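Trainee: One point on numbering: in full-length UniProt numbering, the residue at position 120 of the sequence shown is 120, and numbering is uninterrupted.
Hints listed in this document are in silico derivations from the structure and should not be mistaken for laboratory results.
Accuracy of the hints is not assured; some may be wrong.
Listed next, the in silico EDC-like pairs over lysine to aspartate or glutamate satisfying Cα-Cα at most 20 angstroms (straight line) [to be verified]:
{"id": "1", "residue 1": "LYS281", "residue 2": "ASP268"}
{"id": "2", "residue 1": "LYS281", "residue 2": "ASP309"}
{"id": "3", "residue 1": "LYS116", "residue 2": "ASP148"}
{"id": "4", "residue 1": "LYS185", "residue 2": "ASP174"}
{"id": "5", "residue 1": "LYS304", "residue 2": "ASP174"}
{"id": "6", "residue 1": "LYS185", "residue 2": "ASP268"}
{"id": "7", "residue 1": "LYS306", "residue 2": "ASP222"}
{"id": "8", "residue 1": "LYS185", "residue 2": "ASP148"}
{"id": "9", "residue 1": "LYS306", "residue 2": "ASP218"}
{"id": "10", "residue 1": "LYS209", "residue 2": "GLU142"}
{"id": "11", "residue 1": "LYS263", "residue 2": "ASP234"}
{"id": "12", "residue 1": "LYS336", "residue 2": "GLU154"}
{"id": "13", "residue 1": "LYS304", "residue 2": "ASP168"}
{"id": "14", "residue 1": "LYS306", "residue 2": "ASP174"}
{"id": "15", "residue 1": "LYS209", "residue 2": "ASP234"}
DEER-style ranges, computed between Cβ atoms [what the hints assert, rightly or not]:
{"id": "16", "residue 1": "GLY145", "residue 2": "ASN273", "range": "30 to 40 angstroms"}
{"id": "17", "residue 1": "GLN230", "residue 2": "LYS171", "range": "29 to 39 angstroms"}
{"id": "18", "residue 1": "ASP174", "residue 2": "ASN334", "range": "33 to 43 angstroms"}
Since the structure is predicted, the reported quantities are computational estimates derived from the model, not experimental observations.
Where a beta carbon is used, it is the ideal one built from N, C-alpha and C, also for glycine.
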Amino acid sequence: MAKQVNLSSLMLDLKYFQKPNYHRGFSGEIFYIDKILSIKISIPTFDKRPGGPSSAVDIIAGVLVFEIFGIVFSVLLTLAQARIFGFGWLGSGGSGYDHSSSGLSAGKADCSCPPKPMDCDEVMQCGHNRSGIYEIWPRNREMVGSVDVFCDLETSGGGWTVIQRRGDYRKPVDFFLKSWYSYKKGFGDLRRDFWLGNENIHALTNQKKYYLRIDLTDHDNDTRVAFYDQFWIDGEHHHYMLHAYDYSGDAGDALSRNHDGQKFSTIDRDNDNSTYHCAQKYKGGWWFANCHTSNLNGMYNSEKVKSADGIIWSTWRGPTESLKMTEMKIRPTNFKADLFEMNIDAV
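Model the full structure from these sequences, guided by the hints.
Mentor: Laid out in structure tokens, this is it:
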């Protein structure tokens, strides 16, 4: 009697659990792995039965099928590993990072590192610890692609995505001469003074919940800070309306008490509550009401002068003393809490 040939079934399940959805309704398919990854390979059983085919072709065919499925299994497993662990040659789109100069810590495990970080918090998860310019991929239906940002990876634990900076540079950007379109797209030098762009700020702040931190420096080099536990802006169809809540800090609340719920205005777009054009009068794009208790995009003054159209935070230095430096930056409210989860079962 011919000897039976049994090739037992082989099955492997890899399950990668999707990261929890965040707020304001963005669908799960935009997070790291769109669905539960399931790879199943089943090898049929070949038996030499009495009365069945009697040639050795059956045995050879079984071996060949086993080999073919083995190759397919190896390829799929490799792809699955690349998808899960974010190997740069698969689906990274080119991170644009220079790991030799960006502060990547040698030997630090990056099992929580997303292939395409959505903000500077996730940049830190990839092991980076040096402040500088990084490429991120905001996960927003209205924005496709990446954007370069300045990441503050040192202040108060790091993880801050900087959205605005003013400072004492040789040729500071004249924020007043910028149109609605310029404020929409962003302008300036990420290493100096800049506005990240309302479209980018909207995309960032509508993918999860964020804190806002505002650092202020006057011309005597005294400093203050303002925190807002909730911060986001609406899209262009709502004129980039501001939402800022729950103030704390030592600078006083010059933002939420007067500007929360206000639309953005520029020199060529008047959306304020005043009878005159606040952006023209106070020389900068901002969420003017009637008109302002703060305006961090006003005209820059390199000396300590009294000017209501300067860089103003009225609850600290009053409505006419222009500040020397400002920086606005955001960080997730669940900072360092959102880590990958992975479960691999082999049967």
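Trainee: Work down the list of hints and note, for each, if the structure agrees.
Mentor: Right, here's what the structure says about each hint:
1. A threshold of 20 angstroms between alpha carbons decides the hint, and for LYS281 with ASP268 the separation of about 12 angstroms falls inside it, so the pair holds.
2. The straight-line distance between the Cα atoms of LYS281 and ASP309 is roughly 7 angstroms, inside the 20 angstroms bound, and the hint therefore holds.
3. Restraint check for LYS116 and ASP148: the C-alpha separation of about 12 angstroms stays at or below 20 angstroms, so the hint holds.
4. Annotation: proposed proximity of LYS185 to ASP174 holds, straight-line Cα distance about 16 angstroms (limit 20 angstroms).
5. Note on LYS304 and ASP174: the hinted pairing holds, with a Cα-Cα distance of about 18 angstroms set against a maximum of 20 angstroms.
6. Between LYS185 and ASP268 the CA atoms are separated by roughly 15 angstroms; this keeps the pair inside 20 angstroms, and the hint holds.
7. Note on LYS306 and ASP222: the hinted pairing holds, with a Cα-Cα distance of about 17 angstroms set against a maximum of 20 angstroms.
8. Taken as a hint, the LYS185 and ASP148 pair is honoured in the structure, with Cα atoms around 12 angstroms apart against an allowance of 20 angstroms.
9. At roughly 12 angstroms between alpha-carbon atoms, LYS306 and ASP218 fall within 20 angstroms of each other, so this suggested pair holds.
10. Distance restraint check for LYS209 and GLU142: the Cα-Cα separation of roughly 17 angstroms lies within the 20 angstroms cut-off, and the hinted pair is therefore satisfied.
11. With a CA separation close to 9 angstroms, the supplied pair LYS263 and ASP234 stays within the 20 angstroms bound.
12. At roughly 14 angstroms between alpha-carbon atoms, LYS336 and GLU154 fall within 20 angstroms of each other, so this suggested pair holds.
13. With a CA separation close to 12 angstroms, the supplied pair LYS304 and ASP168 stays within the 20 angstroms bound.
14. Of the supplied pair hints, the one linking LYS306 and ASP174 holds, its CA atoms being roughly 18 angstroms apart against a limit of 20 angstroms.
15. Distance restraint check for LYS209 and ASP234: the Cα-Cα separation of roughly 13 angstroms lies within the 20 angstroms cut-off, and the hinted pair is therefore satisfied.
16. At about 35 angstroms, the CB distance of GLY145 to ASN273 agrees with the hint of 30 to 40 angstroms.
17. Between GLN230 and LYS171, the C-beta spacing of about 36 angstroms keeps the proposed range 29 to 39 angstroms intact.
18. A C-beta distance of roughly 38 angstroms is found between ASP174 and ASN334, which places it inside the suggested range of 33 to 43 angstroms.
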